[in-house]
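Protein chains in written order, with our numbering: chain A, 176 to 359; chain B, 280 to 431.
Hints are computed from structural coordinates only; laboratory data are not their basis. Quick caveat, the model's predicted, so the values are computed rather than measured. Ideal placement from N, C-alpha and C gives every residue a C-beta, glycine not left out. Be aware that one or more of the hints could be misleading.
Unchecked claim - In silico negatives: residues of chain B with every beta carbon more than 12 Å from chain A:
1) 283
2) 289
3) 291
4) 295
5) 296
6) 298
7) 299
8) 302
9) 333
10) 336
11) 337
12) 350
13) 365
14) 379
Claimed, not checked - Beta-carbon label-pair distances, calculated as ranges:
15) 237/A - 327/B: 25 to 33 Å
16) 280/A - 352/B: 37 to 45 Å
17) 310/B - 231/A: 40 to 48 Å
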Amino acid sequence: MASSSSYNSPCAACKFLRRKCMPGCIFAPYFPPEEPQKFANVHKIFGASNVTKLLNELPPHQRDDAVNSLAYEAEARVRDPVYGCVGAITFLQRQVERLQKELDAANADLIHYACNEIPRALPAQPAVTLVHPMAPRQRPVELNRRMGSSEGDGGFYQTASSFPFSYPLPWNAGDMNEGGGGNI
Amino acid sequence: MTSTRCAACKYLRRRCASDCIFSPHFPSNNPQKFASVHRIYGASNIGKMLQQLPVHLRAKAADSLYYEAQRRIQDPVYGCVGIISRLHQEINTAKSELAKAQAEIAFFNAHAQAQGQPQFNLEAAAPSFNTFLPEQGSSAGHSSFGPSTWFY
Numbered sequence: 176m177a178s179s180s181s182y183n184s185p186c187a188a189c190k191f192l193r194r195k196c197m198p199g200c201i202f203a204p205y206f207p208p209e210e211p212q213k214f215a216n217v218h219k220i221f222g223a224s225n226v227t228k229l230l231n232e233l234p235p236h237q238r239d240d241a242v243n244s245l246a247y248e249a250e251a252r253v254r255d256p257v258y259g260c261v262g263a264i265t266f267l268q269r270q271v272e273r274l275q276k277e278l279d280a281a282n283a284d285l286i287h288y289a290c291n292e293i294p295r296a297l298p299a300q301p302a303v304t305l306v307h308p309m310a311p312r313q314r315p316v317e318l319n320r321r322m323g324s325s326e327g328d329g330g331f332y333q334t335a336s337s338f339p340f341s342y343p344l345p346w347n348a349g350d351m352n353e354g355g356g357g358n359i
Numbered sequence: 280m281t282s283t284r285c286a287a288c289k290y291l292r293r294r295c296a297s298d299c300i301f302s303p304h305f306p307s308n309n310p311q312k313f314a315s316v317h318r319i320y321g322a323s324n325i326g327k328m329l330q331q332l333p334v335h336l337r338a339k340a341a342d343s344l345y346y347e348a349q350r351r352i353q354d355p356v357y358g359c360v361g362i363i364s365r366l367h368q369e370i371n372t373a374k375s376e377l378a379k380a381q382a383e384i385a386f387f388n389a390h391a392q393a394q395g396q397p398q399f400n401l402e403a404a405a406p407s408f409n410t411f412l413p414e415q416g417s418s419a420g421h422s423s424f425g426p427s428t429w430f431y
């Protein structure tokens, strides 16, 4: 968690808002002056007062992750004003589905091997162990159905303290040919 | 007048103009939609974002904003990023499983070759992820999207 010395240097938020950065500024721990774009994005998408409200509703130990996730979403929305983060979610869901198909095909091949294998040709071996398909899980977030519904997406689990902030936005991967989103 | 106001103008208790930017996307029969986006983004920010988009893209933008707002309300700490994290983990798991399956297929192929039997085409089984080893990522098993470019 970065912190800025409000005595010498106002935080990025107070610089942006052109106000004095007071001791105890709620933004100062999370918006260091060295990262002006972070607050600029968050301010553009969410607004300072909404961010303040969100942070005030959270215990202090969760605010760092919350700010970083807001910054991630804000950056995603700045880059893709139509789909924002949802574009990334759709892209990843398609990857999951494609991988699942490939895994199913590979498992089918293994079944075929298991059926065709001549037991006497091999030394005593255990039965072919199929690679388990992905464990039954919540279906991928179904944006079409879930839009307009207040229900959750089946209880996705979040990382606890280790927030996966190293995941780059798909725009940086260079291989995202779909222009975000899709069928939402 | 009151019955023709969109959900946004009803929420904001104002007159709904004929060119209200919210009304096509926040119909009065779904008050929850505007309430959610207003709570997370604020009406002014929503209006600005929609205003900056061509008309034919605003509906999708409104829907995606609603989706993100819903996720943020459900998970105030991680919002949509929690879902992205989960999907990355699923992808990593699937890649590992696929690599194991491919390794087993390769084993059987080698065995079949030794016995002069027909083999399976690994490429057909997994055209996109033809690798025998899981990706060597970080210890946290992060995705293989490339080097981290989190912030600036």
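Hints versus structure:
no.	hint	verdict
1	283	21 Å, holds
2	289	17 Å, holds
3	291	15 Å, holds
4	295	20 Å, holds
5	296	23 Å, holds
6	298	21 Å, holds
7	299	20 Å, holds
8	302	16 Å, holds
9	333	9 Å, violated
10	336	5 Å, violated
11	337	9 Å, violated
12	350	8 Å, violated
13	365	5 Å, violated
14	379	5 Å, violated
15	237/A - 327/B: 25 to 33 Å	28 Å, holds
16	280/A - 352/B: 37 to 45 Å	39 Å, holds
17	310/B - 231/A: 40 to 48 Å	25 Å, violated
Taken one by one, the earlier hints fail for this structure at numbers 9, 10, 11, 12, 13, 14 and 17, listed in ascending order.
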